[in-house]
Structure formats: C-alpha cells, structure tokens
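Asks: From first to last, the protein sequence lines are chains P and X. Going by the numbering used here, the first sequence opens with residue 1, and the numbers climb by one from there. Going by the numbering used here, the second sequence opens with residue 1001, and the numbers climb by one from there.
Mixed in with the good hints, there may be bad ones.
[Stated by the list, open to error] Sample of chain X residues facing chain P (criterion: CB under 8 Å; computed from the structure):
| hint | residue |
| --- | --- |
| 1 | Leu1104 |
| 2 | Gly1125 |
| 3 | Leu1131 |
| 4 | Tyr1241 |
None of these hints come from the bench; they were simulated from the model. Computed from a predicted structure; not experimentally measured. Where a beta carbon is used, it is the ideal one built from N, C-alpha and C, also for glycine.
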Amino acid sequence: MRGTRLGDRLLQLYTWIIIVWLSSPIAVMILFGFNDKKSKSNTSWQGFTLRWYAELFDISDLTVALRNSLVIAAVSTVITVVIGTMLGLALGRHRFRGKGLTNFLVFAAISTPELVMGASLLSLFVSGNVPRDANTIIVAHVLFSVSFVVVTVRARIVTLDPSLEEAARDLGATAWGTFRQVTLPSIMPGVMAGAMLSFALSIDDYVVTSFVNGSTVTFPLWIVGAVKTGIPPQVNVMGTLIFGIGVLIAIGNAVAARRRT
Amino acid sequence: MRRLTPYLLALPSWMWLGIFLVVPMAAMASVSLQTGNAIDGFAMTFSVSNYGDALGRYSTQLLRSLLYGGLATVAMLVIGYPVAYWIAFKGGTRKSVYLFLLLLPFFVSFVLRTISWNFLLSDNGILFGTLKGWGLLPADFHVLATTFAVVGGLTYNFLPFMILPIYVALERVDPRVVEAAQDLYATRAAAFRRVVLPLSLPGVFAGVLMTFVPATADPINAQILGGTANTMIGNIIQTEYLTNLNYPTASALSFTLMAVLLVGIFIYARALGTENVLEAAAR
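Produce the entire structure from the sequences given, and follow the hints as far as they go.
Replies: Here it is, written out as structure tokens:
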C-alpha cells in the first residue's frame, strides 16, 4: 500500500513538472515584455520597465498586423459559427441523403494537414487568377474552423431530448420559434465553445495563412517575418495581453457554466 | 418543407467544403501534372514525371519529416500517458483545473511559443549562457539547429493533443473494473496491462492521429528551432510554392505528403469508426 501511495506521489510530481514545462515559454514571453532592453536584441534581462506597454502601438506595421488578425478572426468566426451550427443541427437532428459523405467531409477538413490545405487553396487561387488578400484568408480560416463548430454543436444536440422540441411544437410554436426559444438556448454552450475555438484557431494560424495572404500581413506572419531581425518587446506585450484576455474569458465561461448546473 | 430542412441546413457548409476543400484538391492534382514556369504560365502536360522528379530531389526531407513526426509522436505518447493517467484516476475534484493548466499554452500563439523556445535554448541565452558562464557547459555546447531541438519543439507543441484523447478514454474507465481485477488477485501492473491499457487504446489511437499528422507536416519548428540539416518537407513545400513559384513540384510534393498521411489516417479511422475519432477530436 505504501508503494502505491509513493507511486501516486511521484506521478503527481511528474504531472506538475510537465505543466511547468508546458508553461515555461509563456513565462518567458510575459517576463521579456517587461525587459528594459538597451541593445537591439531582446535576449538578456536588463531591468524592469513598463515602457513597452506605453509604446505598444508604436510599430505601425505590427499594429496593422494585429488589427488584421483581430478583424479576420472576428469575421471568420461569425461565418463559421452560423454555417457550422446549421450543419451540426442537420447532422445531430436529421436523417438525410449524403450524411455519410458529409461526415467524411467534416472529418477530412479536420484531418487535412494545414500545409496541404494552404497549398491546395493556393493552387485553386493561382489556377483561377484569384487575387490573395484578407478575403482569401477569411475563406481559409472558415474552412479549417467549421468542422470544430460542427462537432461541438452536434455533441451538444445529441444530448438534448427531442421531446422538448416536440412539446414546443405541440404548444403551437413555429419551427423558427422552437429553434429560437428551445433548441438554441440548449445548444448555446456548444455554439460558444465552437466560436471561441474558431476565434483562437484563426488568430493563431500561420501555416495556411502564409499561403493565401497575398500582401496582407497577420500577427503570426509578422512575428515570423521579424525572427531574423529580432522580435521587439511589443510582440511579447501583445502576446501577454491576448493570453490574459483568453484566460479570463475561459475562466469566466467555466464559472458561468458551473453556475448554470 | 420539413424534408428539405436538413438539406438547407447543410447547404452552406457543403458549398464551403466543396468549393474550398474538394475543388482545391482537384486543382492541386491538376497543377501537379503541369509544366511551365511562373512567367510564361503553366500548361497541362500530364507530366506524371513531376512526382518522380520531386521525390528524387526531396525524398530525404520527406523521410526526415516522417522520422521526426514519428519520434515526436512516440515521445508525446511516453510523456503524455502518465499525465493523462494520473489526472483521470487521481485528479479527484480538481481534474478540470489540471486540464486547464495543460491547455494554458494554447492561449499563446503557436509561433510565439516556438520562438520562446528558440529564445530559451539559444546558444548564449538565459539558460545556456548562464550555465556556460559558470563553466558548467563547454563553450560550443548548443541545442538549436539539432534534431533534438526540432523533435523537442514538435513534442512540446502538440503534447496536449496527445494527453486529451487518452484522458477522455481513461476517464471513462470505471475504477470498479480495476478494483475487480485486483480482487481477482491481479497485481497492480497486471491490472493496468490487461484492463486499463486495452480500454485506453482508442484514446491512444486518436492521440497518435491528432499529433502525428500535424507534427509531420509542420514547417514552423524546423524553421525556428532547426538548422539547414533539419529541413522538413513542410519547409520545402513552402519555399517551392511561395519563393520559387514552382507550383507543379510543390503540388506534387503536397499530394505525396497527403497521400502518405491520409492512407495511414483512413486505415486508423476504418479500424476505429469515423464517429469515434471525431468524438475524441471534439473533446
């Protein structure tokens, strides 16, 4: 018995070591957003400053890249959530021809390597002489996010008792009214999870975007472009702020979910 | 009208996936058989030899990618399984807290995380520079631009995708089943090997699937953490497409990579049932 308890202790310690390992680059990122660097490169600690927070938007093309990323993430999330929820409902609630093929397509969109997705989209755009800009980036981001919304919404809808919707219909609600007042509120956690996931996937994407961006630069593309010359501390600050906001939203969402149950 | 509902609901996604997933694959297949150059344009010549040429030139990088992806996947499995096991069986009421901590890195951009590693591991950076200053490491010690750095980066970046599906599978294992095995005089090791491990295999399969594919096709880790000797197929495809504008070669390479990966995936998916894999992917 003592042996097993020791084993559990060691496993617990091990789990914490992995958590620390996974988080260490985040700590570095946050810390060096406060580094009072004098030289060009931001690689050694030279004292604490809040200067980079004050000068956050001083690098204009970086600011533009961040704004592009936020706009693209917002627009592609809205499109993704609408069409993904619709398909999730169809797959979770209805029988129809081509359901197997649809499942296959949803699965294929998740499992296609990003690189191949980007390359094939570029092949299409090159073949069709489609100019690459923010629109083609949005097209690509909806493509790789939509399946995640479909899957989260479907997972939610299959746990919802269909007799609730039938009851609403029996009480005289229209199809749209039933959806608005019964179905949608019940699947909302799935829709929200899908929305947050697609926003996060969009704002984070480098590989697919690098194929279809044309001359539009997003936040991850700007960072990779700046690797050779050195990442300015403003990037750390932006990363820190995105991290902080993301964590706050996730915690808020978890607390809200706990309150509902 | 009711009978049309599912079709109307599915239509927008069908169109999106059809136009931007299926048609591009066809476009890529077509481009991969063309010849020409970026200035004069490309013409369809059904040059199957493009594949032979591309593979002849870049088979090293393709094999290296499969090797790196494979090594990273094995490393993730070995590192991740005990974590998933401990959280599933011993996490108690704080399971979701541990899972949240494991997912923290996802709140930071993938690119930025990889750059942070480049920074942490740099030859004279805060870690090795300090150790070298104390004389604990030889002055020419380096990790960046080695196989270890790239495989380590891949392992780091995709580890949560391995842990989560294994956790989901283990979480469904009823602890009473394990107790029953022990009541029937199975040792702890035997109970694990003959009861827990087989029940967790769907999670392991899903985890392998969710990590091997993106790790093998990833260009970022090799670009930021590797050197010229660590170039992966992803870097080649990016360069051929975006810098050399050599679309036929790049398309042939992408198609080959996808064929190799998809054949593997669908053997897995068949064995498991598509729904299972998707379910695991959803959590």
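Asks: So, for every hint listed, does it hold in this structure?
Replies: Against the structure, the hints:
| no. | hint | verdict |
| --- | --- | --- |
| 1 | Leu1104 | holds (6 Å) |
| 2 | Gly1125 | holds (6 Å) |
| 3 | Leu1131 | violated (14 Å) |
| 4 | Tyr1241 | holds (6 Å) |
Hint compliance for this structure: hint 3 is the single one not met.
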